[in-house]
Each structure stands twice: as C-alpha cells, then as structure tokens.
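**Student:** Going down the list, the protein sequences come from chains F and E. Per the numbering used here, residue 1 is the first one in the first sequence, and the count goes up by one each step. Per the numbering used here, residue 1 is the first one in the second sequence, and the count goes up by one each step.
Keep in mind the hints are simulated off the structure, nothing from the lab. If you're wondering where the values come from, they're calculated on a predicted model, not measured in any experiment. All clues given are correct.
Here are some, though not all, of the chain E residues that point toward chain F, as calculated from beta-carbon distances under 10 Å:
{"no.": "1", "residue": "63"}
{"no.": "2", "residue": "83"}
{"no.": "3", "residue": "86"}
{"no.": "4", "residue": "90"}
Note that CB positions come from ideal geometry on N, CA and C, so glycine has one too.
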Amino acid sequence: MIFAKGRPVGVPHLSAASQALARKHFPSHKTLTVPLIQETLRQLGAGIDPMKETALHSLLHEVANPIARDASGDLASRQSQAGAINFGEISGLAPKTSSRPAIDFVETNVEDLKLRKALDSMVIGQSAAKEGLIRFARSSRSGFSNSPKSILMGGPPGVGKTEMGKALAFAIHGDPEKHIYVDLSKINNEADFNVVFGAPPGYAGFQENNTTSPFAPDAVRAKFGGGKPVVIWDEIDKIVDPAVQTKFFNMLTNYLQTGKLVLNNGQEVDMQGSSNLFTSNRGHKKAKNLTGDARREVYVEESKTMLPDHIISRVKNFVAADPLEASESRQIAEMDIRKGIKRATALAKEKGLDVSFDVTPEIIDFLGTIGLSKDFGARPLKGIIEDLFFPKIGEKLATARDDEHYVLEIDPDFGGVERTRLEQAFEKAAPGIPQGVDVDSFPFKLRVANAKPVFATYESELPHSTLGVLNVLGSFTGAGKSFIALNKGEFDSANELFQLQPGGIVRGEQVPDRFLPLALPKVLSDANYQLNVVPLDENRALFMGTSLPSKGNQAKLSTFEYDAKANKFIAVENPPFALAGAGIGSIRGKVLMLGGRLVEKVGEAWSPSPHVELNSGAAVQPLALERSAEGQWSILREDATPGLTPRAGYAVSVHQGKLYFAGGEVLTEGPVGTLGFLKASKLVDVYDPQTGIFAPGPELLSEATQATAVSHGDFLEVMGGMTIALNRGTGALEVTPKKTIQSLSTRAADPKFKVRPDETVPAGAVAGELRVVPTLGGSIIGPIFSNESLTPGFRRYAVDGRI
Amino acid sequence: MNPTHHFFSNQLPALLKANPAVVTSLHRAIQFSVHGDGGGDWALDATSASAHVTAGRTSESDVEIRCSAPTFNALVGRQLTVKQAFNSALLTIEGDVGVALKLGVLFVSPLVAYKGKS
Chain F
1 MIFAKGRPVG
11 VPHLSAASQA
21 LARKHFPSHK
31 TLTVPLIQET
41 LRQLGAGIDP
51 MKETALHSLL
61 HEVANPIARD
71 ASGDLASRQS
81 QAGAINFGEI
91 SGLAPKTSSR
101 PAIDFVETNV
111 EDLKLRKALD
121 SMVIGQSAAK
131 EGLIRFARSS
141 RSGFSNSPKS
151 ILMGGPPGVG
161 KTEMGKALAF
171 AIHGDPEKHI
181 YVDLSKINNE
191 ADFNVVFGAP
201 PGYAGFQENN
211 TTSPFAPDAV
221 RAKFGGGKPV
231 VIWDEIDKIV
241 DPAVQTKFFN
251 MLTNYLQTGK
261 LVLNNGQEVD
271 MQGSSNLFTS
281 NRGHKKAKNL
291 TGDARREVYV
301 EESKTMLPDH
311 IISRVKNFVA
321 ADPLEASESR
331 QIAEMDIRKG
341 IKRATALAKE
351 KGLDVSFDVT
361 PEIIDFLGTI
371 GLSKDFGARP
381 LKGIIEDLFF
391 PKIGEKLATA
401 RDDEHYVLEI
411 DPDFGGVERT
421 RLEQAFEKAA
431 PGIPQGVDVD
441 SFPFKLRVAN
451 AKPVFATYES
461 ELPHSTLGVL
471 NVLGSFTGAG
481 KSFIALNKGE
491 FDSANELFQL
501 QPGGIVRGEQ
511 VPDRFLPLAL
521 PKVLSDANYQ
531 LNVVPLDENR
541 ALFMGTSLPS
551 KGNQAKLSTF
561 EYDAKANKFI
571 AVENPPFALA
581 GAGIGSIRGK
591 VLMLGGRLVE
601 KVGEAWSPSP
611 HVELNSGAAV
621 QPLALERSAE
631 GQWSILREDA
641 TPGLTPRAGY
651 AVSVHQGKLY
661 FAGGEVLTEG
671 PVGTLGFLKA
681 SKLVDVYDPQ
691 TGIFAPGPEL
701 LSEATQATAV
711 SHGDFLEVMG
721 GMTIALNRGT
731 GALEVTPKKT
741 IQSLSTRAAD
751 PKFKVRPDET
761 VPAGAVAGEL
771 RVVPTLGGSI
781 IGPIFSNESL
791 TPGFRRYAVD
801 GRI
Chain E
1 MNPTHHFFSN
11 QLPALLKANP
21 AVVTSLHRAI
31 QFSVHGDGGG
41 DWALDATSAS
51 AHVTAGRTSE
61 SDVEIRCSAP
71 TFNALVGRQL
81 TVKQAFNSAL
91 LTIEGDVGVA
101 LKLGVLFVSP
111 LVAYKGKS
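Turn these sequences into a full structure, and let the hints steer you where they fit.
**Tutor:** Set out below in structure tokens:
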C-alpha cells in the first residue's frame, strides 16, 4: 500500500477508546504500527478470541487512518482516507517479517491468554490468585534457568486451588489431566510416603521400576512426552508426622534445586523445567473474619511459617485464593452440572439415544445455595451433584425415548419449611449428604421439555379501570411468589404493585387469581413514563422508574432494589440515561440494557432521539449498559457489541443461559440528502454471560418490533409485536400488528426461527402491549381484552396449561 | 373523510357523550397538533361535564401531542398506541406525559368502551 504502513502512531494520539484498547492489548508499547497489529492478529488466529480480534481490527483501522488532532491533543477532524487505503488489504494476514521484539511480545501474550482462558473456563472467581498464577507462569517462561519453578497457593478448602493447577496443565499441554497429582493429606506415615515415591529396597512393594509411583520415569515420559511436567502438591500443610515432613522437605530441596527427583529406589527422574503448584489451607481459622488483602496475607504468612527457609527461598512465589461468594458457588454448580450433562448425553448416545438434558436456573440457584459450606467451600457441591442430581438422570436414561429433551426442575410444590429445613441441614454438613436428608424425596423432577407449549383456555381477570384499559408494566417471581406491576389506566391512576396468587383448575374447580396489593415507593408509583421491572436473583428485582416532568428538562430516574423476602425497597444507583425502547434483561445478577433512544426535551416537548449509537471508527454499534451484580452501571466497551446494529423496541428473554434481544426497529440511511427509513427488523442479538459479549444470533423469520419473548424448554418464542415502515422523507407510514408466534428451537443443529403453525397470539391482545408474566411453574400472558367487555385477562401458556 | 378528521368530527364527540367516565377521569384540556396532509389542530376540553372538541388551538392545555397525519391515523385505527408511537419517535409530548400516554382510551370504539366493567 502507498500508505505508510510501518509508520508508528503514538498511543496518546489515538482516540480515547483506542487508547484503552492499546493499553490493554499492547501495554508495553508507546507507539503502534500496522505491521505490529497485523502480526498480532496473525498470531492470534481467526475465531480464537473474537473479542480481542475485534479490538485489534478496530486499532488497526485507526492506526492505518490516523486522526488529526489540534494542538491541545483534542480530536480536530478525522482525515478522510477514502480511496487511499483498502482496509481488507491492510488486515490481510499473510505472514510478514516483523521485528523480533514484537514477536516475543505476542508469544508472551498468547501464552498468558491461553492460561487466562483455561483458568476462566475451569475456575470461578479468584481473580487475585489467577493473576498471581499467570504472573508465575510468565516469569517461569521468561527465565533462562531450567530448574523447577514453584508457587504456593494458600486459601480455604474447596475454592478451586487444585483446579487452577489443572488449568495450568491445560494451558501448557492442552489437557487438564496432564499433571501429576500428589495428595499430601493422605501421607500420614512412611508407608504412605512410599506409595507416592516408591518403596525403598527391602520394603514391601519395592519394584525396580517403581511402576506404581506417579513419578516413575516411564509414567512421566508417557504423560509429558519430554515436555515440561506439571505437579500439583495438594495440601502441603496436612503432613503432620515430623519424620515424614523432614523426609519430604529434604526430597523437595534437592528436587527444586536440581530438577532431579530421586525416588526411594534410587532412580533419578528428570523433572527439569517442571511447574509445581503447592496448595495449603493453613491459616483458614485465623483468616475467617478477615477480608481482601489482609486475609490473603494471613494465608501467605501462615503457609510460610510451616516451611523451612531453604524451601521458602526456592518456592519464592506465594499467592492466596479467596473464599467463595454465594454467586460464585452458583456458577460452580452450573459449570459442574453442564459437565455432567455432557457426560450423560454421551452415555445416552452410546445407547443409541439422541436425548438431551437441561436444568432450570432454580436448580442451579438451589444447588449453589446448599452446596456452599463455610468450612469446605464448594466441596459439598460436588457430592450433592454426584449423589442427588445424576441418579435422577441415570434413572431417566433407562426409559428415555429417542429425540426427547428433558429438563430437571425443582418440584413446584417444594418450598417454605421444607426448603429451609434442607438448607439448614446442608449448612452444617461436611461434604456429602447430611443425615436425615432423604435422597429419594429430593425436590427434583424431570420433565420432557420439547413438548410445545399451548395457550390454555383458563383466563384470569386483572385489576383494571372503569375505562376498560390496563397497562402491565412488569413482573417477576421472587421468594417463591409472583409479582406484577401495573397501571389501571385511568388518567390519574398511579403505578401499583401486586402479589399475584395464581388460580387455575384445582380438583376440577376454577379458582380465580388473587391480586394482593403491596406498597410501592412514591417515586415509582408516580413514574409517569415507564416502570421497568427486572429480576436480579431468586429474591430480588430491580425497579426502574422514569418520569418525564412537565417542567424542567431532565428525565427523573428512580431505581430501587426490591427484596421480596423482606418486602423492602432500597434506593440504588440510577442508570446513566433515560432510554426509550432499550432492550432490558438480566442474567446471573447482571442487568443489560441494549440500544434504545435517548429521551430528551426538544424545546418544550419530550421527544425520543434516534438510536443511541457508539461510533467506533469504522462501525456504528448500539450503546450497551451493564449493571454489575454489585449495582454499578457502566457503558460496555465497543468490543462487547461487535457487528451489532443499533435498534429500539427489542423483545428480550433469557433462554438457555443466554440473553436474547430479538427484533426491534432500525433506522436506515437513504441516499445522500434523504432521510431513509425506520423499519422493523429481523435481527437478533445474543448476550453470552460466559464471555460478556453480544453476538448476532439467528434472525427472526419476519420483522417484528415491540414484540414480547418467552423461553419455554427448548423454545424461544417471539410473540406478536408489529411491523413498521416509515419513509422518513415523505412521512408515509405503514403499521401492521402481528399475530404470529415465531419460534426458535435452539436444540436444532441449525437453529432457525419458524412460525408456529398451531398457535397465534390470542385475540384481544394489543400489539406491543403484550407481556409475559412469569409465575411459579409457568408463564401467563396478557393483557388480553375480551371483545365483548374489554375486561383484560391473562392466558396460561404452558405445555399442559398447568400453573 | 380521512380518519383523523372523522375522529375529531364524529368519533370523539360520540365517545364523550356515550362514556362520561372518560371525561370524569380525564378532566383536562388536550391539544392535538397533527401535521402534514390531512392534519390540523384540535382542542379537547374535558375540564367539565360538557366536554367538547373544537378545531384550532386553545390558549391553555395540560397536554399537547404532536405527530404526523399518518401517525395519527394509525392511532385512530388502533394499529399503534400512544406509547408505541412515542417510543418509535413518531410523536412528541408537551406537558403531562402520564396523561398523554393514556389517551389511547379515546381511540376505543365508544360502544365497546361503554360496555366496560365498572
């Protein structure tokens, strides 16, 4: 290219967003060049890390198209490079020669990245310990010495220390099992010691080749094939026998110094360049009431007190793991269950059955709660999953039919006293199932999920106004109850909150729904524009009220967390903007807001703006806000929404562990000098909480904006909404309400939305006003107005009409 | 007659007469400003039982909604609600937003509305 490809561009001369990306991906570089970024992209490889790839492309574009700045360093104008450069050619990743330092840098980062990815996929939380391990691995790689490298990780039991060793093995050898595991807690006497290091001559069990020792030369060669061994020395603090301790430390001193591990039969095993992770729980009691760095310091210092100086001087690296939070226990439960489901599915396949399994979020919450022990971390969880969860699935495999999809859920009747009793029983228990807990009566129920849901005939009457209108504002389930926020629709009526006691057909009798009024904070009752309700966890929901006052130019936001257990509202931080039509959803305690329009006052009138967009150089992306589990709002970086089209009017639903933002309306630009169109869209964006990024998902079959979405077993269903086509130049407008249900079976090999041939949105539903109201055990959908009386009601939506 | 003119000349007066509950609940003055072909200005005074609609602008209103004639036709045809039109940036509101967003009740057929449960 004619463009000065190699010309360095100083990081401070990049846009603020690109400076942040440069600091993250090129922390040691003060200047960037096109070849450097190209080479980094080539090293990364396509599709390995889409987030980083997008960030690098964005940087590449800006470095290739520098931005003019004025003397103060502010952006003066973007130099037009149109025609001067072909972005495709610039980013063409043909191998090119590059300066050696750049390649070194990339290699270091690729290795770091591999370990970080392994750690994040295998261990929940533990950011401080992970960083320590990454630093350790980096320094191990950079040194010239081939002696063993060691790190000691202190911390409470059951928090993932051993798993971090496996992640290290995975990052080095591509297999988490490529490590030698030594359970030092089982070494109580010399005989135990000999099991690990081989019996000395003359002792029972002596074998010349020490085939039983995991350190036998053949075993080490077979496992690591000449590569650098990884050894996990688990629970070094549990060796209490002084004679064994002395013997162990002597062996260790020699090994860490020379890289030769001498077995009890005198054989020398070459362990040059090995990575050794020692774990220790020492300090657990002392650290119990401490937090943060003070707690970590106790673990590190306590670990050091048990080691002789000559070991400390060779281990050198000390880090500490943290106790698990409840949310982390939940994530561990989910990770272990998903692994187990994979196993069960493979087992079914061996039997010739194409069946699949899933669990409801309630099960994961429940297991996360009871599986976390103050003394044993997440260890009880493993036992619970093995002893309670898999037997249910195992039983089902005996009678499963091909092509069925099962969902394990908590029995809807389980709750209250029984739940508290179980939670208390587990709270005090050591790993395993506590006494008095009947495994068979555990509240898990397996049901076939890929039976399609239908609307049941039973209807329920809603509180409504004398005018025969009603606005359903939001709803959620929490603390074993269902809640619904609505406005009865009279001109002066305030927003109201009700606890919904769903009725249904009970023993052949129709029992009406009951709506028990609850108090709302006045600012939420008075929110005259919108009141969004977003569930946060099994007990809490976020209420976000927006008022657009007659006087003044500022929208008034009022945000509260509602604790359904305590029936209490607590004022919390507001989102940074008032948005119309943003997609709002929550997953794993985080709230995500995507796209929408800024609501602002133009002159004296309230008027939503065009879409809120981020302009990140080449691409225009929607604004995305995130509320962390701790309650802080932030704007997501551009690389969290790569390739997304800004829209408003999304239908949002959590579906199989991801958050779907379906349809909406998009502004398209017309030819130069014209305004283009506002059109309903088929696009679907999917947020994956594992990666923290949005990605385009399967498109809707037909355009829909302001629809509603519901997840039911395998199906994500987008109901109703409308198509809209506005020629912004001429003002011509076409609006058509939609009655179809667009259904996506995510279990299909190539998931595509299809129109449900057998169901449509119930007659009497107003397009765009339809809401899915989750209740315990099923969904109800409304408001639906009877043509006769305009009395609004709900319709059941479930496989069997059950509520 | 286009839907907007028909609404202000016939449909809305009929609703006010047939369903006094709407007037009682509303008890405000509303200004409609519909621009483009088939548009115009109309004022609804529902501050007393003798609620009435007049063409043109009133000097004092609690709420004013402004939109294009195609948008207003879509409201009259109940293809759009006021809130949807606002959220799609098809309509702007001056004054009491809470009341404006509930004006959809004015577009309901008076005969059906009159059967509404009380």
